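**Q** Here are the chains, one letter per residue:
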Amino acid sequence: MDSIQKIEMIIEALLFASGDSLPIEKIAEIIENDKKTTKAIMSNLMYKFQNASRGIIIREIGGAYQLCTRPELDEHIQQLGTVRKKQGLTPQAYETLAIIAYNQPVTRAYIEQIRGVNSDGVLLTLTDRNLIQEVGRDNTPGKPKLYGTTEEFLRAFGFSSIKELPPLEMNEIPEVYENVPLD
Amino acid sequence: MDSIQKIEMIIEALLFASGDSLPIEKIAEIIENDKKTTKAIMSNLMYKFQNASRGIIIREIGGAYQLCTRPELDEHIQQLGTVRKKQGLTPQAYETLAIIAYNQPVTRAYIEQIRGVNSDGVLLTLTDRNLIQEVGRDNTPGKPKLYGTTEEFLRAFGFSSIKELPPLEMNEIPEVYENVPLD
Amino acid sequence: MKSALTDACTLKLENFEGPFDLLFYLIEKDKIDIYDIPISQITDQYLDYLRAMQELDLDIASEFLVMASTLLHIKSRLLLPSKESLLEGEAEDPREELIIKLLEYKKYKEYSRVLASRDEKWKGAHYKLPEIIPDIIAPDELELSPLTLRDYMADALKRYKDKQDDVSKRMARILDHEKVSLRAKIKELLTSLKKGVKLCFSKCYNTKEKSRLEVATGFLATLEIVRVGKAEIDQPVAFGEIYITPKSVQKDIDSVT
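As you go down the protein sequences, you meet chains X, C and W in turn.
This note's numbering puts the first sequence at residues 1 to 183.
This note's numbering puts the second sequence at residues 184 to 366.
This note's numbering puts the third sequence at residues 367 to 623.
Think of the hints as simulated: they come from the structure by calculation, not from any bench.
A hint or two may mislead.
Here are the simulated DSS-like pairs of lysine-lysine, each with C-alpha atoms no more than 25 Å apart in a straight line [said to hold, decoys possible]: (1) W:Lys-489 x X:Lys-86; (2) W:Lys-524 x X:Lys-145; (3) X:Lys-163 x W:Lys-524; (4) W:Lys-441 x X:Lys-85; (5) X:Lys-86 x W:Lys-487; (6) C:Lys-346 x X:Lys-48; (7) W:Lys-574 x W:Lys-553; (8) W:Lys-574 x X:Lys-163; (9) W:Lys-524 x X:Lys-48; (10) C:Lys-346 x X:Lys-85; (11) W:Lys-524 x C:Lys-346.
Label-pair ranges, simulated between beta-carbon atoms [as the list claims (entries may be wrong)]: (12) C:Gly-341 x W:Arg-479: 49 to 57 Å; (13) W:Ile-502 x X:Ile-4: 33 to 41 Å; (14) C:Val-266 x X:Lys-6: 39 to 47 Å; (15) C:Asp-303 x W:Met-537: 23 to 31 Å.
Computed from a predicted model, the values in this text were never measured in an experiment.
By construction, the Cβ of each residue, glycine as well, lies at the ideal position given by its N, Cα and C atoms.
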């Protein structure tokens, strides 16, 4: 088996050549290691990239890995003049995306109930931007579509998985006192 | 002006994001340095990449710079495009392989006597797949070829030696006489 | 009531996506405690906005109007305590449902801000196009199991054994058949009789030396020879010895065989 230095070199080359995100299984296969070991190697390598004076970092996106430039260097990269400034979303779109991200899979009716407003247009926009997708049908009358977030959502918002979403605050859940019988 | 570390980070990010080769003039403009200084910075950075355990290196092509993977890692990168299917053997091949493995070295006549069918084709397939090989000639009239298993056979089954074949039960082993006429 | 307030918020008007969005804005603007909304004040402000929208000829989505009526309904219930609350002494707060909905909405409003800031940050990350890597058809990887190999060996051997057993049974049958065929026995007897000697049946056929089948066939052969007139049998004592004597009249042997 190769030394860890050699393995790290191979991984960097693979990620560079791949461009797209590379599933951990494929990396494991190429470096001839099991998935668990590969995951440990990747975590260590991600840390190294993050903390060295590197212009590129490794991102984990839904069980796959991808190289990208350090986001804070954006102003310099914009000077290349070749990269298009990405358009942000409207507050309504962020709001809808938040509801979907935290509750997926959800129906349009659920989203509209929380937002208090028709959400057809914004769902279309989010689907067009590949941030959400249909993930099935609900098992209720009318079999409404269910929406969930995409891998592109994770990439765009810097999450490695949906589990990384900031936790929901608990203080809004009403307290329930059970009637404890006294004897 | 930025520190040299920051400049190196910016250059790495620029080269990565640009994809193409980047002329020295463009780099100099973005890092806000003169061409001569920029060239010195680039030479130093190229040296660093070349000598660190990096999977990617910087190449200079006619006054422009480009990131590329280290050429000696090519064989690993090729594997990105490789799709490996796992495949088993046909029952005929398995059976023939079993007869050879448990009785080696054996002649074709012996195999055919047990199998009761012509085994030319399957012997060819097994030889092609490097699971069996000729290991000599029998000392009987006609000097027929003797077959045995290969190193690849051991590797494919995960044996360290042929002694590791799973044992057969006693009642499974009939007496086999060679040259018993069968009609 | 076309006021400074109306003017200040004209630009903002179009940005309210829905009634919750507007209500939430009003609550945040005056730093109102969401758990104790002064319904009267909020309702007035809310209606002001709707009027401003009307003045600007903006289409007011039906959701805004539904919320307006909800607010007015809550306001009236607060002013007129219900019968139940008079009887029970304690009633459900008419604002409760609205508060729960607003709290739910607030939660996602906050998350949407988190998402927006993350988006802003990660928009700065740039990716790279994949290199062109040719597809390679890899030699198939074999997936083999030692136990399967063993099983195939056992099966092949069992099949071989079964076939061997089958073959030897068949051989035995053929050999038996050959030995005891009636035709063979007749020929055998005739050969002996041709020498002109009297045969003793028990000497020719006894179960100690021959199989039962052979003895029985021998007996049948004897009867056949007698029937065609080539021999005579004689049993002087009941259950005693049977003697076979050739007949002097010669007939064609082939006619019986």
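**Q** All hints are to be evaluated individually against the structure, with a verdict given for each.
**A** Going down the list of hints, with the structure as the test:
A distance of roughly 6 Å separates the Cα atoms of Lys-489 (chain W) and Lys-86 (chain X); the hinted pair therefore holds under the 25 Å criterion. For the hint linking Lys-524 (chain W) to Lys-145 (chain X), the alpha-carbon distance of about 58 Å lies beyond 25 Å, and the restraint is violated. A C-alpha spacing of about 57 Å is found between Lys-163 (chain X) and Lys-524 (chain W), which places the hinted pair above 25 Å, so the restraint is violated. As the CA atoms of Lys-441 (chain W) and Lys-85 (chain X) are separated by approximately 49 Å, the hinted pair breaks the 25 Å bound.
Straight-line distance between C-alpha atoms of Lys-86 (chain X) and Lys-487 (chain W) comes to about 11 Å, which keeps the hinted pair within the 25 Å bound. Restraint check for Lys-346 (chain C) and Lys-48 (chain X): not satisfied, since their Cα atoms lie roughly 47 Å apart, outside the 25 Å limit. At most 25 Å may separate the alpha-carbon atoms for a hinted pair to count; Lys-574 (chain W) and Lys-553 (chain W) meet this at roughly 22 Å. With a C-alpha separation of about 92 Å, the suggested pairing of Lys-574 (chain W) with Lys-163 (chain X) is violated against the 25 Å cut-off.
For the suggested pair Lys-524 (chain W) and Lys-48 (chain X), the alpha carbons sit about 61 Å apart, so the restraint of at most 25 Å is broken. For a cut-off of 25 Å, the pair hint linking Lys-346 (chain C) to Lys-85 (chain X) is broken: about 66 Å separates their Cα positions. Straight-line distance between C-alpha atoms of Lys-524 (chain W) and Lys-346 (chain C) comes to about 22 Å, which keeps the hinted pair within the 25 Å bound. The supplied range of 49 to 57 Å is met by Gly-341 (chain C) and Arg-479 (chain W), whose beta-carbon atoms lie about 56 Å from each other.
A beta carbon spacing of about 27 Å between Ile-502 (chain W) and Ile-4 (chain X) contradicts the range 33 to 41 Å that was offered as a hint. As the Cβ distance of Val-266 (chain C) to Lys-6 (chain X) is approximately 24 Å, the hint placing it in 39 to 47 Å is violated. Taking 23 to 31 Å as the suggested C-beta distance range, the pair Asp-303 (chain C) and Met-537 (chain W) conforms, at roughly 29 Å.
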